[in-house]
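Participant: If you want the building blocks of each chain, they are given just below.
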Amino acid sequence: MSGSEEEIIQRAQSGDKDALSKLVNEYSPMIYRFSYNVCRNDERAQNTTQETFLSMVKNIKQFNNKSKFSTWLYTIVSNHCFMLARKNKPGRFVSIDDDEHPVAENIYAESDATPDELLERTNVRELLQEAMDKLAPEYRIIFTLRDVEGLSTAEVAQITDLSVPAVKSRLHRARAFLREYLTPIFEEETNG
Amino acid sequence: MVRPFEGQDVSCKDVLDYICEQFGDEEDSERCQEVKRHLDKCSNCSTYCNSLETMIGLYRVAAPDFSEDAKDFLLQSIGLKDPPKSETT
Chain S
774 MSGSEEEIIQ RAQSGDKDAL SKLVNEYSPM IYRFSYNVCR NDERAQNTTQ
824 ETFLSMVKNI KQFNNKSKFS TWLYTIVSNH CFMLARKNKP GRFVSIDDDE
874 HPVAENIYAE SDATPDELLE RTNVRELLQE AMDKLAPEYR IIFTLRDVEG
924 LSTAEVAQIT DLSVPAVKSR LHRARAFLRE YLTPIFEEET NG
Chain X
-14 MVRPFEGQDV SCKDVLDYIC EQFGDEEDSE RCQEVKRHLD KCSNCSTYCN
36 SLETMIGLYR VAAPDFSEDA KDFLLQSIGL KDPPKSETT
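Protein chains in written order, with this note's numbering: chain S, 774 to 965; chain X, -14 to 74.
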């Protein structure tokens, strides 16, 4: 993005359309990728991306530079994703809130293939989607922010308004659930 | 300073819990160093850790790119860009 981001945000807060467009151009790939990973559907991801930037345009004067601009946008998109997921598929997620789903200790099979190579195989995309579909939105959002987007645990806590231990706990359960659900991918590799 | 896991054996369960909780965090901490030492000698935990990394990698590469056309459509839909003028015959 040309010019300092702070300057562009200040112009955007004054209603400068060119500055607002620059922010959209800069951050839309990040917001779409996050939305896609949470929504698991291109159309829903595009709609959520649109809703997020409409909110950005409407509320940008409320951004106070106390956090990174990306953190502020992640907060907006997380809220939109959470509302959409709850509206579309209420009550059909697996429960991983308790110790019924501890870390499985018997799933040691691993793959030597890279993620790109694995993704080319039949049913891998479908399995990734199935696994994420079964994960409740509050877990899905935390896994996506922390592991897929690579944010720090503290940033995820800020975005989701949770404590750091609560984020770690949900992340632990989300990873364990997804890893267990995706075991066939690793077993296929091990068995040849 | 009390060292993590001091006075107790590090079990595979401890390691798996710790990896799941702290993966990527505080890599230089004493506790993490203990875990790394365990990983070096425990193929089960090492394999599980590697498979977690692969799983995360799969989700990272599975999302499609946001195309320039999609960006244009987004800018138009939120009123920041005029739609292309339709050709008149």
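Since the hints were derived computationally from the structure, they do not count as laboratory data. Check the hints yourself; a few may be wrong.
What the hints assert, rightly or not - Here are a few chain X residues that face chain S, going by a calculated C-beta distance under 8 Å: (1) C17; (2) L24; (3) T39; (4) F51; (5) A55; (6) I63; (7) K66.
Said to hold, decoys possible - With a Cα cut of at most 27 Å, we get these calculated BS3-like pairs of lysine-lysine: (8) S:K831 x X:K21; (9) X:K70 x S:K795; (10) S:K795 x X:K56; (11) S:K795 x S:K841; (12) S:K839 x S:K795; (13) S:K841 x S:K907; (14) S:K795 x S:K860; (15) S:K790 x X:K21; (16) S:K790 x X:K26; (17) S:K841 x S:K831; (18) X:K56 x S:K834; (19) S:K834 x S:K907; (20) X:K21 x S:K795; (21) S:K795 x S:K834; (22) X:K70 x X:K56; (23) X:K70 x S:K841; (24) S:K790 x S:K860; (25) S:K795 x S:K831; (26) X:K56 x X:K66; (27) X:K66 x S:K790; (28) S:K790 x S:K839; (29) S:K860 x S:K831; (30) X:K56 x S:K841; (31) S:K831 x X:K26; (32) X:K70 x S:K834.
Ideal Cβ placement from N, Cα and C applies to all residues, glycine included.
Participant: For each hint, tell me whether it holds in the structure or not.
Facilitator: Hint check results:
1. For the restraint placing X:C17 at the interface with chain S, the shortest Cβ-Cβ distance is roughly 14 Å, beyond the 8 Å limit, so the hint is violated.
2. Because the beta carbon of X:L24 sits about 13 Å from the nearest beta carbon in chain S, more than 8 Å, this interface hint is broken.
3. Restraint check, X:T39 versus chain S: the minimum CB separation of about 6 Å is within 8 Å; hint holds.
4. Restraint check, X:F51 versus chain S: the minimum CB separation of about 4 Å is within 8 Å; hint holds.
5. For X:A55, the shortest C-beta to C-beta distance to chain S is roughly 7 Å, which falls under 8 Å, so the interface hint holds.
6. Evaluation of the X:I63 hint against chain S yields a held restraint, the C-beta minimum of about 5 Å falling below 8 Å.
7. Hint on X:K66 holds. Least Cβ distance to chain S is approximately 7 Å, under the 8 Å limit.
8. For the hint linking S:K831 to X:K21, the alpha-carbon distance of about 48 Å lies beyond 27 Å, and the restraint is violated.
9. About 22 Å separates the Cα atoms of X:K70 and S:K795, which keeps this hinted pair within 27 Å; it holds.
10. With a C-alpha separation of about 11 Å, the suggested pair S:K795 and X:K56 falls inside the 27 Å cut-off, and the hint holds.
11. Under the criterion of a C-alpha separation no larger than 27 Å, the hint pairing S:K795 with S:K841 is consistent with the structure, at around 16 Å.
12. Taking the CA atoms of S:K839 and S:K795, the gap is near 21 Å; set against the 27 Å cutoff, the hint holds.
13. Only pairs whose Cα atoms come within 27 Å are accepted, and S:K841 paired with S:K907 is rejected, the gap being roughly 31 Å.
14. As the CA atoms of S:K795 and S:K860 are separated by approximately 32 Å, the hinted pair breaks the 27 Å bound.
15. Pair hint S:K790 plus X:K21 does not hold up; C-alpha atoms about 51 Å apart against a cutoff of 27 Å.
16. A distance of roughly 58 Å separates the Cα atoms of S:K790 and X:K26; the hinted pair therefore is violated under the 27 Å criterion.
17. Simply put, S:K841 and S:K831 have alpha-carbon atoms about 18 Å apart, close enough for the 27 Å limit, and the pair holds.
18. The hinted pair formed by X:K56 and S:K834 meets the criterion: a straight-line CA distance of about 23 Å does not exceed 27 Å.
19. Annotation: proposed proximity of S:K834 to S:K907 is violated, straight-line Cα distance about 37 Å (limit 27 Å).
20. Proposed proximity of X:K21 and S:K795 is contradicted: the alpha carbons are some 44 Å apart, above 27 Å.
21. About 16 Å separates the Cα atoms of S:K795 and S:K834, which keeps this hinted pair within 27 Å; it holds.
22. For the hint pairing X:K70 with X:K56, the CA-to-CA distance comes to about 18 Å; that is within 27 Å, so the pair holds.
23. Distance restraint check for X:K70 and S:K841: the Cα-Cα separation of roughly 37 Å exceeds the 27 Å cut-off, and the hinted pair is therefore not satisfied.
24. For the hint pairing S:K790 with S:K860, the CA-to-CA distance comes to about 32 Å; that exceeds 27 Å, so the pair is violated.
25. As the CA atoms of S:K795 and S:K831 are separated by approximately 16 Å, the hinted pair is consistent with the 27 Å bound.
26. Among the hinted pairs, X:K56 with X:K66 is consistent with the structure: their alpha-carbon atoms are about 10 Å apart, no more than 27 Å.
27. At roughly 9 Å between alpha-carbon atoms, X:K66 and S:K790 fall within 27 Å of each other, so this suggested pair holds.
28. Of the supplied pair hints, the one linking S:K790 and S:K839 holds, its CA atoms being roughly 23 Å apart against a limit of 27 Å.
29. Between S:K860 and S:K831 the alpha-carbon distance is near 23 Å, which keeps this suggested pair within the 27 Å criterion.
30. Annotation: proposed proximity of X:K56 to S:K841 holds, straight-line Cα distance about 22 Å (limit 27 Å).
31. About 55 Å separates the Cα atoms of S:K831 and X:K26, which puts this hinted pair outside 27 Å; it is violated.
32. Of the pairs offered as hints, the one joining X:K70 and S:K834 is violated, with about 32 Å between alpha carbons and a cut-off of 27 Å exceeded.
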